[in-house]
Amino acid sequence: MGWRGGEQEDVELPTMPEPSNSPQHALFVRHLHKHYDDVRAVDGLDLMVAPGECFGLLGPNGAGKTTTIEICEGLLAPDSGDVELLGLRWDRDERELRERLGIQLQETQLAEKLTVEETVRLFRSFYARGRTVADVIGLVQLDEKRHARVGKLSGGQKQRLALACAIVGDPDLLFLDEPTTGLDPQSRRQLWDLITEFKALGRTIMLTTHYMDEAEMLCDRVAIVDHGKVIALGTPQELIGSLGAEHVVEFALLDGAPPLEDASLAAIDGVIAARRLAGGYELQVSALHRTVPALLALLAQRRLELAQLTTHSATLEDVFVSLTGRQLRNE
Amino acid sequence: MSEQRAKGDTSADATGLRASSLYQLITVRFKEYTREPEALFWSFGFPILLAIGLGIAFRSKPADVVHVAVVNVGPRSAALAASLRGDSGLAVEELAPDSAAVALRTGRVALVVVPSSLGAVQYQYDDTRPDARTARLMVNDAIQRGAGRADVMTVGDQHVRERGSRYIDFVVPGLLGMTIMGGGIWGLGYSIVDQRRKNLLKRLVATPMPRSQYLGSYVISRLIMLTIEVAVLLGFSTLLFGVPMRGSLFAIATIIVLSALAFGGFGLLIASRSKTIEGVSGLMNLSMLPMWVLSGVFFSSENFPSAVQPFIKALPLTATNDALRANMLRGAELTQLWPQMAVLLAWMVVCFAIALRIFRWR
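Just so you know, the protein sequences line up as chains A and B, in that order.
The first sequence maps to residues 117 to 447 in the working numbering.
The second sequence maps to residues 1059 to 1420 in the working numbering.
The following block holds chain B by itself, in its conformation from the complex (with noise of 0.2 Å):
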């Protein structure tokens, strides 16, 4: 940085910009931040590391194999699991009845055929899990056609797989609504505790500089490093995984510097009291997780029930992540965009209102 050409005595005269007080703020903050390894690694790397290990684990690949298992109780039960082995998509094992209780109950299979007296068959299965209700329909199918069933109708299948409807496609926008707030509400709320801490923030007021000034370097050199990082994030995705970015940039720009202020506010107002490490942990701990379970980060937060999506829709992660997977994966603008808009913004001033109002500066 500036420094590395500053050399000789001259060097400490700074003048014009590099000597007003907010830049020298700013990168201050940027000196120690990136002079902190694992800083960078968790805003960076981090992220990176978790679209990998998901884009693997979820890569496109031929459907699931569905796991059941038939109770063995004599010559009927070989003769159902031999039918049932003619679909492609089951997985057959053989079980005592004890283990094929225990494969059912850890989830090792999903259903459990349990031949019975006079020809008829019994599915143990949860009717609460996807896979065991899909694996009781492909189970019932084999058995039935295996028992002589015909089909009435003759039926062919289109294997349609688009960008956009893959799981990498949803997750990437919520591991960048993640990143947005894992550093606005660290890279603010742990950086001000622990200058409040050290008694640096009651020495930074006991000189001339604008309190505004102190603030607002953190809320810009958030900005700034927020771009770098959203910029890795989105190439990387975008270059190895094909995400798809179908909205505009513009569009994108906004709901990521909405979002950030929004949460910069909300790491604000977390750190405005706080005099120790621990306390702030605690609250921001208790303030980010239950965002990244409710807020649609890894799974939609359509599955939870109506009566609680108000709640969850009015959470800042939640508009920053709908309003994402909506920009990118359906090309929406932010005129479609404008609840989630209306959510940030008000997350924003309520925070700074109120932070400001109760920061506690020594």
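The shape of chain A in the complex, shown without the other chains (with noise of 0.2 Å):
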């Protein structure tokens, strides 16, 4: 699948089909745009999301990721494009579509004087129809505290409690925005499951995140997204195919050794692609038992030193920075 943003919009518009009354798709975008005084936070973004699949929206912070599913949810109104859901428009269906939605905010501070039981059954009132409330309580495993307060919850646990008050209302669509950001590795990894669960009902999901490693865990289909533009769209086994490069080898050298031109890393068995970061230098491989040895040998042979040398296999990190130049983290 091509992934380069503008060739794919050319491409694929034309043959896009009109959204019909039967929903083909839970969600569809098109040419969607929102700015913000001067700076465009959605910039021409275009999406399909199919029923039943987990799609996620993968981009550095301020990417335009937040922006994008707050229009798909209702609370933003953009500047131009379409949104449909469910078959549904906000325009015509509001009521039916906020029956029909889960949302996770990306912070939400609950009412802390509350206990995880009153706030899930009050969110529960809401809807017409849903989960009981010790069902979804049990299901993010918060049987314990159901009776504690919400302000004596840990991270992961608030976390897990407002993803029960998206679900509560049995959703057809469910939005998480950044769901696991600022959590621990642990109570990421308990949160993921509690999301596969929900995938696992056939029950359509959609999130943002700018953790890669969450993106290539949980979703079927991933946009990468950068300045408001889906510059990248695929399964993530695809994306990271799309780079021909099964691993990634960084290295640095020691201080003040002189710098290695880009021809002469290009030019080592196995290398597809070479980039200078900022303190050393990152190759895209596709053999890393020829490259490792040809690259030692080069180093030997100008009598440099190393001052570290990582491997890893390629994952959607190496996909965004080999398509902007810059890194996911860090921002």
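Note that these hints are calculated values from the structure, not bench results.
Yeah, the Cβ is synthetic: ideal placement off N, Cα and C, and Gly gets one too.
You can take every hint at face value.
If you want the footprint, here are the derived chain B segments under chain A, 3+ residues with CB under 8 Å:
1. 1079-1086
2. 1246-1258
3. 1265-1273
Could you use the hints to bring the two separately framed chains together as a complex?
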């Protein structure tokens, strides 16, 4: 699948089916624009999410993910563009959409003086149909905390409670905005399990994240977003495969070493792309077992010494770096 | 409350009334409120403490003694002081000229008597101070008598101290009005802005919750809370201080409910846009402070010049206080209180109309 945003727009849009009454898409977004003052937060964004799919918007902070998801949630009005959810539109069907969507906002502080159970029961009361309060609390594994005040919960527990409030109406389409940001690894893993369970029920999920591992773990398909545009779209495997490199080698030389020129790095056996990073070099390689000895031989020949050498399998992070020249993390 | 009975897994499946979102919103309001000890103090403890304090400070006691000074310039001063001491309503000191001037300036004495040459006497006092004018009358009376003036007519005093004319009787309706105002403005303003600041308001409108129920839950829970607050304050002041309640219960209840709605609308309007606690606190103080001063909580609003009276009368707290006083102290019924009721009704309608139009839900 092609994933250069500009090309894809030209090729795919004319064949995009017009939205019809029988929703082929759980979510359909076309030509979305939204600007704040002079910042174009969303700049001509297109998305299609199939029913039952877990779809991820991956991008650095400020890429326009939250603006996009809040427009989809009917909490922000776009400057222009179409949004259709479950075959329904915000201007016509707000009431029904509110019943059928589950929403977790990026930063919500639920009332601290209420208990877990009171909070879930309040949210349950808003929906005409849905799960039982006890059921949902069990699902997010907060049984032991049901009589605890929200203010006393840990970050991970609060996030699970927010998830409980999002799914208590038994939604057909669930929006999660940065569901694990700021959590410790164990809490993140626990939330991933819960989201995976919800996915197994055949419901559609759209989530935003700036964690590549989260997108790889949870999402059937991922749109990489930067500067308000989709710059790549596909399954995590497709996106990583599109690099043509299965591995990434990062190394750094001792201080004071003369810089290595890109041409000689690119000429190393098995290297597909090479780039200089702050404090070192990064090579995308197709055959690690040939590249590493060749790299060491090159360094020995130049009498250069390594300060550091690491390798990892290619990830969505590397896809983002190769598309933008910037890194997702550290932002 | 309800969940004390709720145990076991079945509790989660609320049915009927308990499952309704309005009921849930109202009970949540109450829980949040009663779990906030400070809020409870400010709505119950504070007005009662204030009433106790004022009741003690202004309890019925013999008329105040008026402090005066005689400037010590020689034997004539001692004679004057002696004749003044004959009046039990006067506390007399003899002071050097400097100290007397200081005492007058700082208000420690209301009047200074300066014996001058040729047997004349000069009074120094601030003629805008009521106690100073009283002192002038008493001192002059005592000095003239001491100098040999005789009364030409026989008079007698009969003291009438009636319930309803004491300061505590004046101030309790004012405290009640202040409680209603504070409850409406703080109760709605602070809590709504806090929820907006925490993104909770945005989260709630992302559900099918009817927005009218959200606002309605505030108004209803406010009215229920107010009923308790008012009952406590009124019960306390009638039992302990014997503050009269001469009007009908229906009339006072109507005044209180209408006031609560007017101030509820006022609070909603103040909270309709702010995104920070600092912002809304500023607005609340800005709107409440003038009313504390102008609307006759601790002293009568009649003290202000007549030019500003129409403005003062148009303030909601003035309307509330005037109506409560007329009802409690003079037994006025609603038919006699229509100007105040009209003012409150107008505030209610205008505030709610604007607030609902400009309310920021996210």
